[in-house]
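K.L.:
These protein sequences, in sequence, are chains A and B. Numbered according to my numbering, the first sequence spans residues 1 to 321. Numbered according to my numbering, the second sequence spans residues 1 to 321.
Please note: incorrect hints may appear among the correct ones.
One copy or two, it doesn't matter: identical chains are merged, so the pair holds either way.
[Stated by the list, open to error] No farther apart than 25 Å at their CA atoms in a straight line, the calculated lysine to any residue pairs in the SDA-like style are these:
| id | residue 1 | residue 2 |
| --- | --- | --- |
| 1 | K7 | T216 |
| 2 | K149 | Y37 |
| 3 | K149 | V105 |
| 4 | K149 | S26 |
| 5 | K7 | G90 |
| 6 | K149 | N186 |
| 7 | K7 | R319 |
| 8 | K149 | Q27 |
| 9 | K149 | R36 |
| 10 | K149 | T91 |
| 11 | K149 | L101 |
| 12 | K149 | E33 |
| 13 | K258 | E102 |
| 14 | K149 | P29 |
| 15 | K258 | T104 |
| 16 | K149 | E25 |
| 17 | K149 | T32 |
| 18 | K149 | E30 |
| 19 | K285 | G42 |
| 20 | K258 | V226 |
| 21 | K44 | D84 |
| 22 | K44 | D150 |
| 23 | K7 | G311 |
Keep in mind the hints are simulated off the structure, nothing from the lab. What you are looking at is a predicted structure, and each value in this text was computed from that prediction instead of being measured.
2 protein chains.
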Amino acid sequence: MSAAWHKCIESELESVEMVMISDLESQNPELTEMCRYVISSGGKRLRPALCILSYLGSGGRDPSIAVNIGAAFEIIHSATLIHDDINDQGTVRRGRKTLHLEHTVSKAIIAGDFMFAVGFRLLASEAPQIVGFVIDASAAMGAGEFVQKDFEHVSTVTEDDYIRIITGKTAKLFEAASKSGAAVANADSDILEALGRFAFGIGLAFQIVDDTLDVTGDPHNTGKQVGTDLLEGKPTLPTIYAMQDPVYGPELISLFEKEAVDQEDIIRALELIRSTDAISRCLAKAATYVEDARHAIDPVPDSEYKQALLGIADYIVSRDR
Amino acid sequence: MSAAWHKCIESELESVEMVMISDLESQNPELTEMCRYVISSGGKRLRPALCILSYLGSGGRDPSIAVNIGAAFEIIHSATLIHDDINDQGTVRRGRKTLHLEHTVSKAIIAGDFMFAVGFRLLASEAPQIVGFVIDASAAMGAGEFVQKDFEHVSTVTEDDYIRIITGKTAKLFEAASKSGAAVANADSDILEALGRFAFGIGLAFQIVDDTLDVTGDPHNTGKQVGTDLLEGKPTLPTIYAMQDPVYGPELISLFEKEAVDQEDIIRALELIRSTDAISRCLAKAATYVEDARHAIDPVPDSEYKQALLGIADYIVSRDR
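The task is simple: from the sequences and hints, build the whole structure.
P.N.:
See below:
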């Protein structure tokens with residue numbers, strides 16, 4: 001990935017990688033290896049990018065502090081992915097076996113805890129005043145996961161429920177990353193809040209697109225995992241919209257409510273969703289959030305960094321993987 | 001429990017309870033309830049006590065800061081217990097159903113993460129300089145758990161391996177609690193290190209006694225869970241010592257190496273261990289650590305708080321539950 005928005009912070013994003021590797025080194029070789037396995041599997045580094053660009057876009061002059069904080073966000077994000085994969089019994093993450101399959105559930109829980117702790121150490125050592133942002137995000141993450149669990153296989157789930165889920169899952173940590181960058185640049189509160197609203201909005205859009213991509217791929221194409229959310233009974237926006245369809249909705253509802261679905265069911269459910277206008281409605285909804293987010297950062301003075309933030313916003317709705 | 005060492009910090013320990021309850025309150029009622037369930041199930045509050053007594057024993061004058069830090073330690077400790085119980089497939093904790101049985105594994109992982117985050121927030125907001133102590137402890141915890149997992153049902157485990165396990169499991173967090181209390185009281189480094197060594201040593205003794213109590217109870221007495229470590233194949237000092245016995249060792253080794261043990265096996269293994277001198281050797285070993293710990297705090301000036309710390313040391317080797 002070498003999207004244009006990467007260009008102006010390329011060296012900073014490289015530093016993020018180095019900070020992550022050195023901070024996750026421990027006396028235990030297997031633990032160190034597990035952490036490397038997780039962070040080396042790629043990922044878009046959107047949270048570090050939001051943090052660093054918000055810092056520079058707010059007039060910050062020494063990006064090294066934003067680099068460290070950005071690395072902390074990526075480490076905390078990775079920790080949550082490890083635990084999420086255990087919770088969802090996920091088998092593949094970013095094209096590789098999930099950590100708990102590779103190293104046992106027990107060790108993966110511990111590794112997640114360790115990464116969580118390392119992320120907090122980095123944050124607290126760099127800027128104790130921003131730890132609160134991340135805690136808010138962590139609490140929301142927990143709340144979102146709770147809502148998601150409560151609505152597994154429950155077809156009465158609403159769009160509002162879904163927004164609560166993805167607020168915790170994605171938007172709050174995006175928001176915290178941007179606000180943290182702005183805060184350590186001593187941004188005025190209106191700038192800080194504007195950047196927070198921007199990141200929150202593109203976070204919602206990001207997750208909607210992510211969930212839409214899970215139903216638009218080809219299930220026969222083994223290289224790509226599709227329909228995993230359906231397999232787990234997770235309520236996502238494409239499914240919620242499609243269940244509202246007068247023609248295809250009822251059959252999809254019965255499939256969604258089924259506790260033990262097989263591959264046939266998934267293929268049929270995907271067909272049903274694609275037969276409705278759910279996917280275009282989802283993409284339109286994501287586009288609306290991005291549009292609002294673009295306006296939210298009007299108070300931020302123009303700069304190449306602001307342009308890069310807008311570039312991330314555009315990337316989020318145009319990406320196909 | 002109203003041991004004498006509690007007396008001089010009774011109001012502080014009550015404040016610890018209140019801080020925990022208010023800090024663990026979140027917008028999600030189930031999450032709040034889960035956190036309360038965990039912290040209300042009792043526990044000896046040894047980590048808060050070590051923190052507060054180390055603070056006061058180092059000349060600190062405003063215990064409220066040590067109360068908050070002590071609460072953070074207890075919250076972080078509770079978070080690790082939740083995840084440990086999942087890892088060990090534990091069913092009972094402090095006489096009640098474990099959290100993951102009561103609320104599902106997924107929600108328990110999330111609740112543990114949440115408590116971890118709240119604990120770090122408390123620490124970082126009170127005294128960012130001590131976050132490092134807790135991170136060291138967290139890393140050691142992970143390392144200890146890794147060693148423990150690696151030696152499940154492995155009879156070649158040594159006393160040194162066991163010490164590495166309990167260093168991470170217990171001693172490092174005890175040490176961090178005492179050092180943190182001393183640090184926020186601006187103790188001289190020799191006092192701080194002395195308190196750290198003291199807490200580390202009684203932490204080792206505490207865990208040895210804990211593991212010994214797991215084999216000295218009566219397995220027919222259903223009110224008390226005994227032999228759970230053996231059931232899980234966990235290497236503990238009584239088992240390690242007993243496996244060295246020329247007469248009873250070989251049969252115990254074969255039981256310990258068995259992956260799927262039943263109740264009969266446990267009862268037999270307990271009989272074998274009790275037929276050796278393993279239990280008295282364990283208690284003697286714990287007493288040695290406590291004795292060394294008592295000497296370690298020689299540099300700390302005498303006070304009722306130092307006496308209370310010594311009282312905790314004595315309690316640890318004399319307790320029967």
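K.L.:
So, against the hints stated earlier in the document, which numbers end up violated here?
P.N.:
1, 5, 6, 19, 22
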